[in-house]
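Q: Assemble the whole structure, with the sequences as input and the hints as a guide.
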Amino acid sequence: MMFKKTILILFIVAGCFYTCTKDEFEGPSIEALYGEFKILDSLKLTNSNPNFSLEENVGFYCKFNKDVNWKITIRGNTSNSIKELSGFSNTIDSTTITWTGNTSEMPFFLKEKCEIELTFDNEKDTLVDSLTIAGTKIYDGILVADFENGTPENSIVFKQSSMNMTFETASDNPLVGDNYFKMGGRMGWNEWLLGQIDIPLNLSDVSSTPENFYLNLGILSGVNGELASDQYINILISESNSPFNGDLTNNGADVFKDTMEVYKYQIRPVDWIGWQYIAVSYDEFEVKSAGGDNIRNPKNIKAIRIQCQSCPSASGNCPSNASIDVRTDIDYVIFTENEKLLDQE
Amino acid sequence: MKNSRTKILFVYLLIGGQYFQLMAQQNDKVWFDGFSRSFFARDAINDKILPDSVSARNASDGYNLLDLNTHVNPSKNLEIFSQIRIKNQFGSFFGSGTSIDVRQLRAKGVINNKIRFSLGDIFLKQTRFTLFNYDEDLSGYENNMFKPYRDILHYENFYRENRWRMQGLQTDFSFKFDRYIRTLEFDAFITRPRGSSPLSFNTSSSDLLLSGGTMVSQLNKSLTVESHYINFFEIPSSGTTNISIRNPVYHIGIRKYYTNKKSIFESKIETGFSERYWLHSERENNAADSISNFTQGMFLEFKNDFMRKDSSLEVTFGYRYVDPNFRSAGAQTRRLNFEASNSPTIYPYYSNAQIIRPISVFDLLSDENLYNQDLHGNLMIFNPIYSNVLPYGDATPNRHGFYLKSRFKQKVINGKLNTGAFQEVIGQGTAEKRNFTLLKAVVKLNMHELFKLKKEASIFLASENEYTRRTTDAISSVNLYSHQLTAFGNLELVDKLFIQFSFKQLYAKGNEFLNQRADYGVINNFILTNYNLNDHIISGGILYNINKNVYANVQYNWWGKTFNDSSNSNFNYNRLLFILSVKL
Numbered sequence: 341m342m343f344k345k346t347i348l349i350l351f352i353v354a355g356c357f358y359t360c361t362k363d364e365f366e367g368p369s370i371e372a373l374y375g376e377f378k379i380l381d382s383l384k385l386t387n388s389n390p391n392f393s394l395e396e397n398v399g400f401y402c403k404f405n406k407d408v409n410w411k412i413t414i415r416g417n418t419s420n421s422i423k424e425l426s427g428f429s430n431t432i433d434s435t436t437i438t439w440t441g442n443t444s445e446m447p448f449f450l451k452e453k454c455e456i457e458l459t460f461d462n463e464k465d466t467l468v469d470s471l472t473i474a475g476t477k478i479y480d481g482i483l484v485a486d487f488e489n490g491t492p493e494n495s496i497v498f499k500q501s502s503m504n505m506t507f508e509t510a511s512d513n514p515l516v517g518d519n520y521f522k523m524g525g526r527m528g529w530n531e532w533l534l535g536q537i538d539i540p541l542n543l544s545d546v547s548s549t550p551e552n553f554y555l556n557l558g559i560l561s562g563v564n565g566e567l568a569s570d571q572y573i574n575i576l577i578s579e580s581n582s583p584f585n586g587d588l589t590n591n592g593a594d595v596f597k598d599t600m601e602v603y604k605y606q607i608r609p610v611d612w613i614g615w616q617y618i619a620v621s622y623d624e625f626e627v628k629s630a631g632g633d634n635i636r637n638p639k640n641i642k643a644i645r646i647q648c649q650s651c652p653s654a655s656g657n658c659p660s661n662a663s664i665d666v667r668t669d670i671d672y673v674i675f676t677e678n679e680k681l682l683d684q685e
Numbered sequence: 090m091k092n093s094r095t096k097i098l099f100v101y102l103l104i105g106g107q108y109f110q111l112m113a114q115q116n117d118k119v120w121f122d123g124f125s126r127s128f129f130a131r132d133a134i135n136d137k138i139l140p141d142s143v144s145a146r147n148a149s150d151g152y153n154l155l156d157l158n159t160h161v162n163p164s165k166n167l168e169i170f171s172q173i174r175i176k177n178q179f180g181s182f183f184g185s186g187t188s189i190d191v192r193q194l195r196a197k198g199v200i201n202n203k204i205r206f207s208l209g210d211i212f213l214k215q216t217r218f219t220l221f222n223y224d225e226d227l228s229g230y231e232n233n234m235f236k237p238y239r240d241i242l243h244y245e246n247f248y249r250e251n252r253w254r255m256q257g258l259q260t261d262f263s264f265k266f267d268r269y270i271r272t273l274e275f276d277a278f279i280t281r282p283r284g285s286s287p288l289s290f291n292t293s294s295s296d297l298l299l300s301g302g303t304m305v306s307q308l309n310k311s312l313t314v315e316s317h318y319i320n321f322f323e324i325p326s327s328g329t330t331n332i333s334i335r336n337p338v339y340h341i342g343i344r345k346y347y348t349n350k351k352s353i354f355e356s357k358i359e360t361g362f363s364e365r366y367w368l369h370s371e372r373e374n375n376a377a378d379s380i381s382n383f384t385q386g387m388f389l390e391f392k393n394d395f396m397r398k399d400s401s402l403e404v405t406f407g408y409r410y411v412d413p414n415f416r417s418a419g420a421q422t423r424r425l426n427f428e429a430s431n432s433p434t435i436y437p438y439y440s441n442a443q444i445i446r447p448i449s450v451f452d453l454l455s456d457e458n459l460y461n462q463d464l465h466g467n468l469m470i471f472n473p474i475y476s477n478v479l480p481y482g483d484a485t486p487n488r489h490g491f492y493l494k495s496r497f498k499q500k501v502i503n504g505k506l507n508t509g510a511f512q513e514v515i516g517q518g519t520a521e522k523r524n525f526t527l528l529k530a531v532v533k534l535n536m537h538e539l540f541k542l543k544k545e546a547s548i549f550l551a552s553e554n555e556y557t558r559r560t561t562d563a564i565s566s567v568n569l570y571s572h573q574l575t576a577f578g579n580l581e582l583v584d585k586l587f588i589q590f591s592f593k594q595l596y597a598k599g600n601e602f603l604n605q606r607a608d609y610g611v612i613n614n615f616i617l618t619n620y621n622l623n624d625h626i627i628s629g630g631i632l633y634n635i636n637k638n639v640y641a642n643v644q645y646n647w648w649g650k651t652f653n654d655s656s657n658s659n660f661n662y663n664r665l666l667f668i669l670s671v672k673l
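Residue numbers (the numbering used here), protein chains in the order written: chain A, 341 to 685; chain H, 90 to 673.
I should point out that these hints are in silico values taken from the structure, not numbers from a laboratory. Since this is a predicted model, take the numbers as computed values, not measurements. Idealized CB from N, CA, C, for every residue including glycine. Check each hint, because a few of them may be wrong.
Facing chain A, a subset of chain H residues (Cβ under 7 Å, in silico) [unchecked claim]:
1. Asn393
2. Tyr408
3. Ile515
4. Gly516
5. Gln517
6. Thr519
7. Ala520
8. Ala563
9. Ile564
10. Ser565
11. Phe615
Here are a few chain H residues that sit away from chain A, every Cβ distance over 12 Å (derived from the structure) [what the hints assert, rightly or not]:
12. Arg239
13. Gly257
14. Val514
15. Lys522
16. Glu581
17. Gln605
18. Leu617
A: In structure tokens:
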């Protein structure tokens with residue numbers, strides 16, 4: 341009798357606890373780790389005709405059976421601009437994976453048709469779609485020069501009197517818009533500076549700190565696929581309150597004199613073929629001349645100088661530069677606050 | 090130099106003494122006992138299958154050691170105990186390989202004839218769910234051939250009766266009553282399993298403490314109630330890390346006895362729960378303390394024991410449920426440490442490619458360095474071919490099921506049976522749950538009783554089977570079978586001199602997903618592993634039991650591992666072993 345009671349209790353207890361077993365599981369899904377990759381829901385776009393100028397965006401959705409590294413590539417058919425979005429998940433969520441019309445690689449997107457490609461690491465599957473941009477994105481920033489209407493007002497251009505000097509706007513290969521500014525040539529004597537452009541500025545409305553204040557510019561180099569040795573761009577920023585160009589006898593603006601408060605940054609070397617878009621925060625600029633308090637303050641910026649320099653062939657250090665033109669062309673020079681231009685969503 | 094010679098002389102005098110039966114020196118206040126062992130092993134490569142011209146063809150090692158226990162009784166109720174180890178490695182010269190260490194130190198006594206206490210090195214055990222040092226894998230059905238090996242493992246790692254060796258304070262006292270309840274017993278302890286230690290130049294780990302208490306009350310002749318509490322925790326202020334573990338476990342049990350003329354029947358139900366979390370203290374900007382990775386889990390066991398009063402038969406059956414989140418550092422810490430950094434001592438590398446040698450059954454038996462003496466706050470790694478059903482003993486989380494154990498003892502034959510059918514409470518990596526089947530049986534046949542021989546002759550056979558299965562889609566299915574077969578023969582040639590032979594084989598085939606856990610014990614990956622291997626030990630030897638405290642053993646072992654359908658290389662080794670063990 342006692343034995344039967346014990347057995348009965350045993351099974352009642354076991355029965356009660358059997359219901360405690362759980363239907364979910366712990367740890368990552370084995371199916372996701374070891375299973376064959378499958379696309380459960382195909383690629384969908386929330387907007388196939390976005391007008392980014394009205395702050396519309398495009399959401400992307402897709403669902404797979406396991407976590408994978410995925411990448412969405414959007415390529416403009418006309419501009420050849422590229423935007424890439426990537427992640428590691430089993431779902432591309434259209435509420436979080438969105439495109440606001442910005443670019444990962446210059447130039448900017450135009451009003452154009454774009455091809456969209458969704459690819460996966462170590463999987464051969466590729467999903468494609470397309471959209472048409474009805475309006476391009478408007479970036480936040482303080483435009484210094486886009487060279488669409490020539491050089492900026494009151495700017496001063498200086499160039500050495502040597503061979504093939506190109507310090508002027510051109511339209512044969514712009515990064516943005518229709519024009520850009522060519523800076524290049526070939527030095528015939530022992531001189532590093534080929535030429536420069538000085539642009540006056542008024543940034544009194546800026547409130548950013550130097551760490552959050554960025555100079556963005558596109559730089560084109562390489563002529564016929566060739567690069568001059570040690571060619572670079574020298575950027576000077578002046579916070580001097582002196583008149584921009586009071587003395588007309590010299591070759592540039594007065595605010596960059598050695599006695600003025602001037603900061604310097606070098607993009608050196610410029611050793612790539614084609615366009616690259618560079619962003620530098622103002623705190624990365626070093627003191628060139630101690631003419632002020634040496635405290636970088638974006639709202640005190642009065643002028644910018646962009647110089648083209650290279651190692652001269654005549655010095656004997658770079659003899660190959662005797663037969664090649666320097667080229668450090670620029671386009672779309674713009675200051676941005678809080679983030680770099682290409683990081684703007 | 091003079092000092093060194095004195096030391097050597099002292100060592101030789103002590104070691105030489107082991108060949109005589111030391112009489113414990115006793116007087117009123119000081120008395121001695123201890124243990125002595127001479128050990129010699131010669132290992133050799135048996136590379137008929139796999140060429141290995143890089144490793145040494147053979148290597149020998151050995152030592153003499155004496156653990157001298159000094160008991161000092163300054164008063165009737167107080168004892169100071171110390172264990173001094175003197176060890177001399179063979180091949181050392183003029184004391185260069187001799188070490189003298191304090192191995193244990195303890196004071197114990199009784200205060201006012203009422204409260205007992207121990208301070209220093211103490212050996213603690215509570216219940217199987219709160220504090221319990223479970224036997225190592227593949228050790229439950231061992232035969233006498235490997236007893237010398239097993240004795241060394243347990244002795245060197247302080248494994249005594251499933252207790253954990255700690256350093257701290259323990260006290261107990263009890264009351265007897267003449268009405269309502271019969272007895273009330275209390276036991277409490279606080280220990281420090283790990284002290285603060287440097288992690289880098291300017292950082293150090295925190296002190297790790299283990300405290301607990303027990304209360305047992307016999308309510309009447311047949312009913313006992315017990316309750317236990319244990320807490321495994323760190324003190325962040327003792328180190329530079331501000332994240333500290335907390336793992337309290339609460340336990341309650343009720344035991345009921347029934348007896349008749351021939352039998353005892355006992356039912357016990359025990360249950361409890363654990364909490365585990367990490368406390369973040371001393372945070373930046375005076376932020377309040379917070380906790381992370383909080384988990385809570387419970388367990389329940391209903392166990393029934395039937396036992397004949399003459400001990401000829403014992404049967405235990407029951408049901409056990411252990412929640413996936415039940416965590417008890419004191420009960421779930423494993424003896425065997427399978428961390429990748431813990432490689433075997435004998436021939437750690439093998440073959441001409443000098444690859445790391447996988448651990449084998451012989452290593453589990455003979456390598457004391459694979460074993461662990463420290464409690465762990467997270468679940469330790471285990472190898473499913475050695476133990477997959479209950480790798481953390483009865484406290485293995487994420488299991489529920491029935492079990493049946495039996496033990497019988499007759500003159501001619503005696504044996505043990507251990508069976509169980511368990512299932513996961515929650516699936517791992519898939520909603521489907523693993524099912525586990527356990528069947529272990531051992532029989533010892535006393536031939537001398539059967540044939541009325543004067544000298545002892547016996548045969549021992551053990552079969553241990555574990556079967557794990559998860560029937561689901563092809564990707565996440567699991568099907569793992571492991572079987573250990575042991576045969577042992579023991580024949581007494583002349584008085585107390587035995588000739589022995591043993592064969593042990595482990596066979597494992599199938600697949601399993603090994604859990605990988607992150608810092609806070611959360612599973613973050615599964616490694617699919619396929620098994621198809623044979624592990625073997627063949628042994629022959631002579632045992633001479635000089636008396637119950639002294640034995641000498643010479644044995645030769647052929648051991649190795651064979652991988653089928655695998656890129657791993659097989660290996661085979663031999664060992665000659667001599668042990669002289671003297672309990673003083």
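Q: Compare the structure with each hint and give your call.
A: Evaluated hints:
Restraint check, Asn393 of chain H versus chain A: the minimum CB separation of about 5 Å is within 7 Å; hint holds. This hint holds: Tyr408 of chain H has a C-beta 5 Å from the nearest C-beta of chain A, less than the 7 Å allowed. At its closest, the beta carbon of Ile515 of chain H sits 4 Å from a beta carbon of chain A; the interface hint therefore holds under the 7 Å criterion. Taking 7 Å as the C-beta contact cut-off toward chain A, the hint placing Gly516 of chain H at the interface holds, the least distance being around 4 Å.
Given hint, Gln517 of chain H at the interface with chain A, holds; its Cβ is 5 Å from that chain's nearest Cβ, closer than 7 Å. Interface hint at Thr519 of chain H: satisfied, since its Cβ lies 5 Å from the closest Cβ of chain A, which is below the 7 Å cut-off. Against a cut-off of 7 Å between C-beta atoms, the interface hint on Ala520 of chain H holds, since the closest Cβ of chain A lies about 5 Å away. For Ala563 of chain H, the interface hint is violated, since its Cβ never comes within 7 Å of a Cβ in chain A; the closest pair sits about 9 Å apart.
Restraint check, Ile564 of chain H versus chain A: the minimum CB separation of about 5 Å is within 7 Å; hint holds. At its closest, the beta carbon of Ser565 of chain H sits 4 Å from a beta carbon of chain A; the interface hint therefore holds under the 7 Å criterion. Evaluation of the Phe615 of chain H hint against chain A yields a held restraint, the C-beta minimum of about 6 Å falling below 7 Å. Separation of Arg239 of chain H from chain A is adequate, the least Cβ-Cβ distance of about 34 Å exceeding the 12 Å criterion.
The Cβ of Gly257 of chain H lies farther than 12 Å from every Cβ of chain A, with a closest approach of about 35 Å, so its non-interface assignment holds. The claim that Val514 of chain H is not at the interface with chain A is violated, since a C-beta of that chain comes within 12 Å of its own (minimum 5 Å). A beta-carbon of chain A is positioned within 12 Å of the beta-carbon of Lys522 of chain H; the least distance is around 7 Å. The Cβ of Glu581 of chain H lies farther than 12 Å from every Cβ of chain A, with a closest approach of about 42 Å, so its non-interface assignment holds.
Its closest Cβ contact with chain A, about 9 Å, brings Gln605 of chain H to no more than 12 Å, contrary to its assignment away from the interface. With a least CB separation of 6 Å from chain A, Leu617 of chain H falls inside the 12 Å interface cut-off, contrary to its annotation.
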